[in-house]
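Enquirer: Protein sequences, first through last, are from chains L, E and B.
Mapping to numbering that gives the first Met the number 0: the first sequence position 103 is 102, numbers consecutive.
Mapping to numbering that gives the first Met the number 0: the second sequence position 150 is 149, numbers consecutive.
Mapping to numbering that gives the first Met the number 0: the third sequence position 140 is 139, numbers consecutive.
Bear in mind the hints are in silico, worked out from the structure with no lab data behind them.
Keep in mind that a hint or two might mislead.
Stated by the list, open to error - Okay, derived cross-link-like pairs now, EDC-like style, lysine to aspartate or glutamate, Cα gap no bigger than 16 angstroms in a straight line:
#	chain 1	residue 1	chain 2	residue 2
1	E	Lys502	B	Glu48
2	B	Lys5	L	Asp97
3	L	Lys88	B	Glu208
4	B	Lys91	B	Asp115
5	E	Lys502	B	Glu208
6	E	Lys500	E	Glu542
Predicted model, so just to flag it, every value in this text is computed and none were measured.
Residue strings, one per chain:
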Amino acid sequence: MQVTTILFSSLVKKYLMAVTGLIGVGFVAGHLLGNLQVYSLLGGADAFNAYAYKLHHLPYGLLWIVRIVLLATVAVHVWMAVLLTIENKRARPEGYADNSTVQATYASKTMRWSGVILLAFIIFHIAHYTTRSVPGMKYNETIEKVPLMKEGKPVMQSGEVVMTFDAYTMVVQGFSNLPVSIFYIVAMGLLCLHLTHGVSSMFQSVGLRNHSWQKRLDKIALVYGWGIFLGFISIPISILTGVVS
Amino acid sequence: MKLDSKIPSGPIQDKWSNHKFSSKLVNPANKRKYNVIVVGSGLAGGAAAATLGELGYNVRCFCYQDSPRRAHSIAAQGGINAAKNYQNDGDSVYRLFYDTVKGGDFRAREANVHRLAEVSNSIIDQCVAQGVPFAREYGGTLDNRSFGGAQVSRTFYARGQTGQQLLLGAYSALSRQIATGQVKMYNRHEMLDVVVEDGRAVGITTRNMVTGDVESWAADAVLLATGGYSNVYFLSTNAAGCNVTAAYRAYKKGAGFANPCYTQIHPTCIPVHGDQQSKLTLMSESLRNDGRVWVPKKAEDVGKDPNSIPEEDRDYYLERKYPSFGNLAPRDISSRSAKEACDDGRGVGPKVGDQRNGVYLDFRDSINRLGKDKIAERYGNLFDMYERITAENAYERPMRIFPALHYTMGGLWVDYNLQTTIPGLFALGECNFSDHGGNRLGASALMQGLADGYFVIPYTLGNYLGNIPVGEAGKHNPDSPAFRASKEMVKAHNDRLLHIKGKRTARSFHKELGHIMWEYAGMARNAAGLQKAIGMISQLRAEFWSDVFVPGSEAELNNELERAARVADFLEFGELLCRDALDRDESCGGHFREEHQTADGEAVRDDENFCNVSVWEHKGDKEAPVKHIEPLEFDNVKLTVRSYK
Amino acid sequence: MNLKLKVWRQPSQEAAGKFEIYDIESVSEDSSFLEMLDILNERLLEKGEGPVHFDHDCREGICGMCSLTIDGIPHGPERATTACQLHMRHFKDGDTITIEPWRAKPFPVVKDLVVDRTAFERIIQSGGYVSVNTGAAPDGNAIPIPKKDADFAMDAAACIGCGACVAACPNASAMLFTSAKASQLNTLPQGRPEKDRRTLAMVSTMDAEGFGNCTNYGECEAVCPKEIKLDMIAKLNRDFAVASVKNLFGKAG
Numbered sequence: 000m001q002v003t004t005i006l007f008s009s010l011v012k013k014y015l016m017a018v019t020g021l022i023g024v025g026f027v028a029g030h031l032l033g034n035l036q037v038y039s040l041l042g043g044a045d046a047f048n049a050y051a052y053k054l055h056h057l058p059y060g061l062l063w064i065v066r067i068v069l070l071a072t073v074a075v076h077v078w079m080a081v082l083l084t085i086e087n088k089r090a091r092p093e094g095y096a097d098n099s100t101v102q103a104t105y106a107s108k109t110m111r112w113s114g115v116i117l118l119a120f121i122i123f124h125i126a127h128y129t130t131r132s133v134p135g136m137k138y139n140e141t142i143e144k145v146p147l148m149k150e151g152k153p154v155m156q157s158g159e160v161v162m163t164f165d166a167y168t169m170v171v172q173g174f175s176n177l178p179v180s181i182f183y184i185v186a187m188g189l190l191c192l193h194l195t196h197g198v199s200s201m202f203q204s205v206g207l208r209n210h211s212w213q214k215r216l217d218k219i220a221l222v223y224g225w226g227i228f229l230g231f232i233s234i235p236i237s238i239l240t241g242v243v244s
Numbered sequence: 000m001k002l003d004s005k006i007p008s009g010p011i012q013d014k015w016s017n018h019k020f021s022s023k024l025v026n027p028a029n030k031r032k033y034n035v036i037v038v039g040s041g042l043a044g045g046a047a048a049a050t051l052g053e054l055g056y057n058v059r060c061f062c063y064q065d066s067p068r069r070a071h072s073i074a075a076q077g078g079i080n081a082a083k084n085y086q087n088d089g090d091s092v093y094r095l096f097y098d099t100v101k102g103g104d105f106r107a108r109e110a111n112v113h114r115l116a117e118v119s120n121s122i123i124d125q126c127v128a129q130g131v132p133f134a135r136e137y138g139g140t141l142d143n144r145s146f147g148g149a150q151v152s153r154t155f156y157a158r159g160q161t162g163q164q165l166l167l168g169a170y171s172a173l174s175r176q177i178a179t180g181q182v183k184m185y186n187r188h189e190m191l192d193v194v195v196e197d198g199r200a201v202g203i204t205t206r207n208m209v210t211g212d213v214e215s216w217a218a219d220a221v222l223l224a225t226g227g228y229s230n231v232y233f234l235s236t237n238a239a240g241c242n243v244t245a246a247y248r249a250y251k252k253g254a255g256f257a258n259p260c261y262t263q264i265h266p267t268c269i270p271v272h273g274d275q276q277s278k279l280t281l282m283s284e285s286l287r288n289d290g291r292v293w294v295p296k297k298a299e300d301v302g303k304d305p306n307s308i309p310e311e312d313r314d315y316y317l318e319r320k321y322p323s324f325g326n327l328a329p330r331d332i333s334s335r336s337a338k339e340a341c342d343d344g345r346g347v348g349p350k351v352g353d354q355r356n357g358v359y360l361d362f363r364d365s366i367n368r369l370g371k372d373k374i375a376e377r378y379g380n381l382f383d384m385y386e387r388i389t390a391e392n393a394y395e396r397p398m399r400i401f402p403a404l405h406y407t408m409g410g411l412w413v414d415y416n417l418q419t420t421i422p423g424l425f426a427l428g429e430c431n432f433s434d435h436g437g438n439r440l441g442a443s444a445l446m447q448g449l450a451d452g453y454f455v456i457p458y459t460l461g462n463y464l465g466n467i468p469v470g471e472a473g474k475h476n477p478d479s480p481a482f483r484a485s486k487e488m489v490k491a492h493n494d495r496l497l498h499i500k501g502k503r504t505a506r507s508f509h510k511e512l513g514h515i516m517w518e519y520a521g522m523a524r525n526a527a528g529l530q531k532a533i534g535m536i537s538q539l540r541a542e543f544w545s546d547v548f549v550p551g552s553e554a555e556l557n558n559e560l561e562r563a564a565r566v567a568d569f570l571e572f573g574e575l576l577c578r579d580a581l582d583r584d585e586s587c588g589g590h591f592r593e594e595h596q597t598a599d600g601e602a603v604r605d606d607e608n609f610c611n612v613s614v615w616e617h618k619g620d621k622e623a624p625v626k627h628i629e630p631l632e633f634d635n636v637k638l639t640v641r642s643y644k
Numbered sequence: 000m001n002l003k004l005k006v007w008r009q010p011s012q013e014a015a016g017k018f019e020i021y022d023i024e025s026v027s028e029d030s031s032f033l034e035m036l037d038i039l040n041e042r043l044l045e046k047g048e049g050p051v052h053f054d055h056d057c058r059e060g061i062c063g064m065c066s067l068t069i070d071g072i073p074h075g076p077e078r079a080t081t082a083c084q085l086h087m088r089h090f091k092d093g094d095t096i097t098i099e100p101w102r103a104k105p106f107p108v109v110k111d112l113v114v115d116r117t118a119f120e121r122i123i124q125s126g127g128y129v130s131v132n133t134g135a136a137p138d139g140n141a142i143p144i145p146k147k148d149a150d151f152a153m154d155a156a157a158c159i160g161c162g163a164c165v166a167a168c169p170n171a172s173a174m175l176f177t178s179a180k181a182s183q184l185n186t187l188p189q190g191r192p193e194k195d196r197r198t199l200a201m202v203s204t205m206d207a208e209g210f211g212n213c214t215n216y217g218e219c220e221a222v223c224p225k226e227i228k229l230d231m232i233a234k235l236n237r238d239f240a241v242a243s244v245k246n247l248f249g250k251a252g
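Work out the full structure, taking the sequences as your base and the hints as a guide.
Expert: Laid out in structure tokens, this is it:
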């Protein structure tokens with residue numbers, strides 16, 4: 000059979016959705032673990048800033064490789080979602096008067112909307128904390144650099160104190176803004192919803208699920224989704240309530 | 000009409016082999032020059048169309064459903080017989096042959112039945128190779144069960160859906176041929192006439208059920224595999240669309256119709272619930288292995304809660320009348336006994352009309368003996384089905400059952416080659432009369448349909464086509480006068496139906512016909528009743544043609560036009576069935592004449608006068624049909640009296 | 000019982016359709032849903048009106064011909080039940096029932112509630128068979144098949160091809176049908192020699208017919224009258240991935 004026929008088949012779209020989803024699932028877990036270092040119990044300001052410094056100084060341009068892979072992942076995930084949406088709409092030009100469903104979950108039925116809002120959030124989030132280019136929140140201009148700390152002492156290089164961007168203060172300032180925090184919390188809620196369907200679904204898509212594993216995977220997905228949700232939203236809540244400052 | 004059965008000479012074991020060897024062959028390179036039409040896509044038609052396509056003939060296959068895989072063969076539950084003797088329990092081709100001839104009450108043709116038993120084994124092999132998921136043992140070999148009172152376990156099955164699985168197998172083979180273009184499939188097409196030219200069948204006339212187009216199709220041979228005629232009784236276990244039209248119109252074109260009075264009644268169906276019912280549902284006969292059949296002894300108890308009726312007031316009539324077979328008495332006997340009990344005013348369940356038509360099938364004793372779990376394991380799906388339809392829980396309350404029309408052994412007369420009395424017109428499966436005699440054994444219908452389609456017709460059709468010179472193959476002109484006349488006739492017939500514009504629906508006529516048939520030509524028949532029925536049917540027919548209402552037009556999907564045309568044929572065919580039943584002045588198999596029974600109500604055959612096939616020839620709409628006889632000879636199985644005492 | 004029916008009426012494929020409201024009285028609770036429609040049609044005919052066309056045949060839940068979306072759910076509210084086996088006792092006196100045809104681009108409406116499902120035929124024709132000619136089969140017991148595999152194949156083969164899965168899927172995907180048909184044959188040793196070929200062909204035909212994409216809602220499984228499981232879809236996903244890779248290297252069977 001023609002390779003192109005296979006490449007454009009409905010199942011390849013499904014595989015791409017699943018594989019990019021899996022990368023995303025891994026990424027949010029890693030991201031959460033890094034973020035949790037804002038808590039003094041897990042490190043606090045110095046550790047958080049050191050972590051940020053380390054990410055920015057990975058060898059061999061790894062940071063950019065990771066960034067490009069992640070951007071490509073998002074791009075493919077979104078592109079497939081758009082294609083699927085268009086094709087699926089086309090497959091039912093005349094809808095039902097009564098749109099009842101039997102067992103489809105709320106999460107599965109809202110993937111499209113949770114996805115669109117998440118995409119908007121991702122763009123904002125990158126502009127907010129990565130490129131720091133949101134008007135009124137240009138942290139590069141407002142936050143002063145701090146010494147890079149290791150085991151309580153400043154790190155010295157060629158006799159000079161190594162300075163680094165104060166990501167910790169940026170996070171605290173960023174989440175002290177109530178509308179930003181609310182958007183963040185809502186987005187994390189949608190991410191949770193997106194994951195509760197997505198995590199189990201990607202195993203189905205690549206054919207690694209059966210009836211008994213479906214039940215287990217659905218539970219794993221639920222636990223994972225909630226874990227991610229609670230982990231991420233704890234940070235703005237802690238900042239707004241003054242637990243982290 | 001000349002009836003030549005063309006039974007090959009020689010010992011019964013060699014007839015089929017000899018016949019195959021002496022049959023003409025069509026050169027592989029020439030096969031594509033021959034056109035064959037197959038009408039019907041069930042087990043017989045689907046298997047034939049696929050196999051003929053594989054051989055290289057140009058095949059056109061027609062069915063009225065939206066897909067060939069929906070033919071009513073799909074509804075068969077129990078299984079398919081074959082003489083594999085995988086169970087080492089003494090089965091053999093000869094024993095299957097013997098059982099089938101005897102089970103048919105000595106009214107089938109020995110040579111055909113032996114051939115059926117011979118090819119039965121190849122059917123199983125073929126179906127396994129197609130991917131039919133037959134039940135298996137843990138060791139990976141095929142499982143068998145005993146069915147319908149057979150002494151050996153020769154029935155192969157796929158859960159309770161054997162017919163469906165075999166049909167899907169044939170359908171997959173057919174689909175493969177459709178993909179290659181060797182078979183052209185015409186769904187939602189109804190055959191409305193056979194075209195006969197110079198004494199040979201050369202094509203058919205169909206109506207495209209979606210567009211209403213009436214079209215002509217020419218071919219070198221026409222195969223009818225259009226099923227049985229149980230729906231002449233309106234309520235039967237057949238699909239709503241099953242009809243006699245194709246076979247009946249072939250009969251009107253000169254094909255002899257054999258033994259229309261041989262109908263089979265199945266004893267374990269769910270009773271009629273009321274006058275809005277459209278069909279009857281069958282439950283597997285296996286239920287009788289553990290259920291006890293009874294009715295109240297006293298007519299005043301029939302409305303009571305069955306659990307409140309004490310043991311001494313129950314009449315376990317099968318156990319009483321047939322102590323050795325009891326609840327497992329054969330289909331015809333147990334059906335008739337149920338009717339007797341209901342006619343006696345002791346039937347149970349809701350009153351439909353002025354009578355309660357139902358008897359209890361009670362699992363109380365089996366549940367007490369084996370436990371509810373065991374019964375659920377054996378019959379859980381049937382109990383669920385029963386509850387879905389009746390809303391009654393058969394674990395707690397006895398099931399209600401009643402006999403229903405299920406299968407018709409009669410059909411178009413065919414010779415050993417499955418050719419009807421019209422050269423070039425063949426009939427396969429339930430559509431023909433040949434293999435089951437007066438009564439069909441359980442799990443034999445699937446066997447016959449597939450035998451005819453896969454393993455018989457490819458040889459016998461080759462023999463017919465081999466006699467047509469290659470130069471004349473595929474030369475019939477679908478625009479010739481014979482085709483045009485047929486087309487005009489079909490159009491005029493439909494036109495007439497559309498223009499009566501009467502007051503009654505076609506369904507109401509069908510229902511009324513069904514009542515007449517069931518009352519006078521059902522489980523038990525007598526001369527006076529049959530004569531009365533013939534009069535009533537002819538009167539009903541006259542009313543139909545003056546008062547039926549068919550809305551809409553010819554040129555659209557028009558269910559009512561389809562229905563009216565089928566009912567019109569049933570209204571004629573029902574009369575033919577009654578005539579045959581009246582003429583066959585004996586009781587045999589599914590045909591029970593009350594005048595011919597022993598003091599205990601057993602059927603009495605008249606081998607002196609009726610050891611033969613009655614073949615009816617149509618003589619025009621105004622004339623009575625003429626009966627011809629094919630004598631039956633039993634050289635291998637001795638004529639004996641069936642007894643289940 | 001008395002009911003109000005909201006029924007889709009469409010004279011032909013090309014014509015526009017709309018809902019008609021019918022009141023229907025004294026329907027027996029023991030009637031099946033299709034018998035209730037029979038009664039409606041008899042009453043329409045008595046008034047000289049055209050009946051509502053709907054597909055049906057065996058009326059015992061096996062032929063797969065009936066195809067009604069009842070109150071938004073293909074085959075209606077009862078699990079594992081075709082419309083012909085659905086009984087009116089599951090509705091309440093005075094209910095309004097909405098009856099629509101299967102809705103999917105590859106299933107165009109022919110008339111009223113009748114749709115054209117021949118797209119399914121073409122999926123089967125592209126590979127839903129074992130290429131074995133009549134007479135070429137070895138003995139039925141020549142290849143032992145583990146009971147587990149035979150049972151799984153039977154689970155898949157129970158599909159009646161009604162199309163409820165497509166009708167129920169928010170994307171109008173035909174994956175449950177296609178996967179059941181492919182999985183039956185892909186599981187059995189008889190079907191293995193052409194497993195890859197079959198898998199690739201059936202999926203590409205399914206796509207070409209214009210069905211939507213499966214996104215794992217699971218609605219198909221919920222409405223399937225024969226309770227075909229999503230496992231079949233997972234298996235097809237897997238078989239297709241393997242077949243695609245093998246195809247890339249020219250090794251597809």
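Enquirer: Each hint should be assessed against the structure and marked as holding or not.
Expert: Hint-by-hint comparison with the structure:
1. E:Lys502 / B:Glu48: It holds: about 12 angstroms lies between the C-alpha atoms, which stays within 16 angstroms.
2. B:Lys5 / L:Asp97: It holds: about 11 angstroms lies between the C-alpha atoms, which stays within 16 angstroms.
3. L:Lys88 / B:Glu208: 14 angstroms, holds
4. B:Lys91 / B:Asp115: 32 angstroms, violated
5. E:Lys502 / B:Glu208: 44 angstroms, violated
6. E:Lys500 / E:Glu542: Given pair lysine 500 of chain E, glutamate 542 of chain E holds - Cα atoms ~12 angstroms apart, limit 16 angstroms.
In this structure, the earlier hints numbered 4 and 5 are contradicted, and the remaining ones agree with it.
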